[in-house]
Structure formats: structure tokens, C-alpha cells
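**Q** Read off the chains here:
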Amino acid sequence: MNRRTVIVGLGLAALTVHLFFDLVGDWGRVSGGVSNLGVFVRESLWPPNWSVLKAQSYPVCEARFEFTCSVAWLGVIETLKIAFVATMLGFVVALPISVMAAGNLSPTYLAVPSRILLAGMRSLPSIIWAVLFVIIFSIGTLAGIFAMTFYTVGYLGKLQFESMEGVKNAPLESAKAMGMSRMETAWLVAIPESANQLLSHVLFMFEYNVRHGTVIGLVGAGGVGLYINTYLKLGQYDKVVALLIVVFLVVLVIDFISMALRSAVNEEGDVERPTWSSIFLPASISSVQHPTPMGATQGLPESE
Amino acid sequence: MNDTVRTGLEMSEPLVHLHDVAVGYDQPLIEEVDVEIQAGDVIAVLGPSGIGKTTLLRTIAGLVKPLSGHVELGVAPRGGVGYIPQRLGLVSNLSVRSNVEMGVRVSLSKWYPPFLGVPKDHQGYAQQAMEDLGIAHLADHPVRILSGGQQRRVATAKTVAQRPKLVLADEFLGELDDDNVDVVMRTVRHAIESQNSAMVMVEHHEELATQVANRIWRIKDHRLVEELTR
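Going down the list, the protein sequences come from chains A and B.
If you use this note's numbering, the first sequence corresponds to residues 88 to 391, in order.
If you use this note's numbering, the second sequence corresponds to residues 53 to 282, in order.
One chain only, chain A, in its complex shape (with noise of 0.2 angstroms):
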């Protein structure tokens, strides 16, 4: 490390603590915070109200499984719902727009204009999202599939015209010399060549819209978030906080069935396939040697 970096990073830091004691101003409306949070834990968050897996006694349950009755079930697999359809839609709306927002597919006249569409659909996060749909459709579902999807479509938009323009200059300019349309290039090289990326951000976006199902329906949007939203007007906190493990628990389900199904699309090794130990446990533990996948080099027989 040169003296040069030094200075800039201890310059930074400088100014980083700066700012931060300066932002906080008065320390003394901190004292006594930890004990407060210690007691609010003790007598009102902990133990969890595992209540929520049981089924609720209004309307009556006639479902073979009672289990499915019960606020985590009902709220959970709405939630799922939710993020499933806007996740999907938000995936067939974000696609085009992003290939037209891709500096080496779309002209600039195009590439510009659909950039600045896609930066204003995500600049209003979720939850702001969920409150305009709230307004328009009411509370419900409906309002949260379209908050996620909008909010979808700028996030996922994003990262997709970013994998577009990653996309090797090779395959382009052969289909360009070849004269290829723009429509032909689009779907038949830069799609393929960054659909393992797509699929990859069309799973994180899954995930995400799963997580944030929890905040959009504090705003009455539908999903696992309205009954939290109940339980925090009627202060059961400790309902709350095993719903929170609920959705906790079904997002570390979904990021090992994603990460599986992103190992199972790429032959090439670079998504390696997790294992449970992967997931709950710190890398150097649970590090495994994993079997060296076919080359790009090795190559097929010559004839079969």
C-alpha cells in the first residue's frame, strides 16, 4: 500500500467519524437505550407467540390440515403469491425496456429516455409504491402485486440492461456484420448470452419481493405484512416477532432453492450448488471440495 492510499483512507475515515458524531449531536439521549431494549425484549417480544401456526378460531377451519388455517400459513403463502406474479410480470415488463435501455443494443434516443423510466419506477421504493396502489385499489392484494411489480420492473430492468452491456462485443458485431436487426440481435445473442445473469436477478427479485411482502403490507398491500401490521397496532409484539421467524425461515428456503436452481442452469462452475452447511454455516467451515465441472477447453469427441 502506498503513502499515497494511506492518506486518502485515513482521510476518510476522518471525515466518516466526523460526520457521524456531528449527525448524532446530543450522546446523552442514548444512555439507558441497551437496558430499555433489554426490557422491552424480556417482557414483551420474547418468548415468541407461536399462536400463529395454529389455526385461527374465526372462520372455521375445514381444511384437512389445520395447520393451513393459521396466520403464518394463510399470511405467508399470500405473501408468496404476491411475489411470485409481480415478480413474473415485473420480469415480462422489465425485459424489453432493458433492451432498449442497453447502451449496445439501442440507440441513445432509445437507450436514454427507457434509463431514465426505469430510474423513476425505482427511485419510489416498495412501500411508497404500495401506499399509491392502496389509494387506488384499496387495501389488499391487488395494490401489493402492483407496488412489487413496479418497484420490480425499475430494480430488474436495472440489472438486466447491466448484464445486456456485458455481453461480450464478439457475438455483437458478427450479428451486426452479418446485418442482423436490433429485435434479432436482442433475442437471439445478448438474451441467451446473459441468461444465466437473468435468471439469476429474476431469483434474487423473487427473494427480495418475498422479504419485502413483510413491509409493503404494513400499509395494508396483502401478504404476511398486514397481519404483522395487526399484531403492531394491538402491541402483541410477540406475535410479530414469530411471524418475522416465519418469513425468516421461508427466505433461507427460497435463497437455497435459488442458489440450487442458478448451480443447475451454469455447467461452467462459477455458481457453485450449495449445501445446507453453506447457507446456516461461515464459509472456512463449511467449505467443501467441489468436483472440477467440464472446461470450456475440454471439449466433446470428435465423433459419438
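Source of the hints: derived by calculation from the structure; they are not laboratory data.
Nothing here was measured: the structure is a model prediction, and the numbers come from that model.
Mixed in with the good hints there might be a few duds.
What the hints assert, rightly or not - Derived DMTMM-like pairs (lysine to aspartate or glutamate); straight-line CA-CA distance at most 20 angstroms:
#1 B/K272 with B/D72
#2 A/K245 with A/E294
#3 B/K162 with A/E294
#4 B/K117 with B/E84
#5 A/K255 with B/E223
#6 B/K272 with B/D78
#7 B/K172 with B/E183
#8 B/K162 with B/D173
#9 A/K263 with B/E124
#10 A/K141 with A/D325
#11 B/K117 with A/E294
#12 B/K272 with B/E245
Based on these hints, arrange chain B on the given structure of chain A.
**A** Relative to the frame of chain A, chain B by itself:
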């Protein structure tokens, strides 16, 4: 281009005419290029690395604008030029067949939906090209798992299936063993003769280039010098 010697049959309209072209990006790499490419020409572009051979090829392909002068293309803008870049330009996630059929696709209307497969009556061109280059048995494999040599044959098959009037190939014989060089060149030559088209190839191996080419362009002191016409 003062040093250039152009002899032979020049009665027909050239496929490409470079009018006093300066080739390069910020600074000219090759200047005063004034040459024609006729049907039947197999031109090898020779010269040391970094002298502008690839840039010349990219200029003819319409990928780089000339710094001065202009390139007059006498072939159809769609499907008229087949370009094999040094890095081959294949779509690694698609199968060999899909890549080769991309060459066939440009003979269809540009409004033909890209999400539809190539029509049945056009599929034969791709199949024939794959068979000629000995990769038919790999048709359904994704390109990314093939060896370098196999990928070069796929890139060649794509261009052969395209049936362009002008083939531009940038060191496309690299990584091929002698037998495969013979197969590839025989197939390309046959395609060029049957289509009455032309080829410009950038090649490092001078001996190989002089064997297969009937014209040699050597880049020297920022000028294009024609050395051999046979």
C-alpha cells in the same frame, strides 16, 4: 494506394471498393487504402501484430468508420457479409445448431420473428454446413462446452450456412490441426466458388496464407501493399 498492383479480371462490379480509406481509431493505422474486392478473390492480409489488420477487416465489415475516405459495399446489407471475428462471435449458451442457423436466418426477412425457429426449407443449409465441417454430431450441444477447435468449425459452419457474398475471417484457422485446416478451407473454398463470393482473411501463419489465398495484402509502414495475384 500507390503500391498496389491490381491485375486480373476486373470487368464485373466489385463486391467492395475502398476509396482512399484511412483505417484506425484515433490515429490512422493504415492510410491511402484504395482497393477492390472481386468475386472469387481469396485475400490474405499479412503483417505483424498491432499493425491494423483486424481494424481493416472491421472497417470493411462496417464495424469501424474509416477516418477518411469511404467504403463502397456492393453486397446486400443483410446477409451479404459473413464475419468471423478472432473470438469467433458465437453465442456460448446456445446449441451448435442454433448458432449455425443464425447464419441461415439473415437470408429471411428482417421482420421474420426471432423467437420462431428457421423454416424447414431453410434448415438444410445449416445441416449441410454442419456435416461438411464434421460437427453434425455436436448439433444439440451448447457451444460453451466445445473445444477451441470445435468452436472454430461452428463459427465457420455458421458463415458457410449464411452463404454470404463476402466472408471476412480474422485468424479463424488458429487452434485447428492440419487435418481440420484442410477440412475447413476445402469447405470454405467450395462455398466461395459455388456462391461466386470472395473472402478476406487475416492470418498470422504466412505459409498457410500463401497456400490458400490468391491475393496477398501486406501491411507495411502504414500502407497496404499487394504482393501476389495468381
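**Q** Tell me, in ascending order, the numbers of any earlier hints that this structure violates.
**A** Hints 3, 11, 12 contradicted; others consistent.
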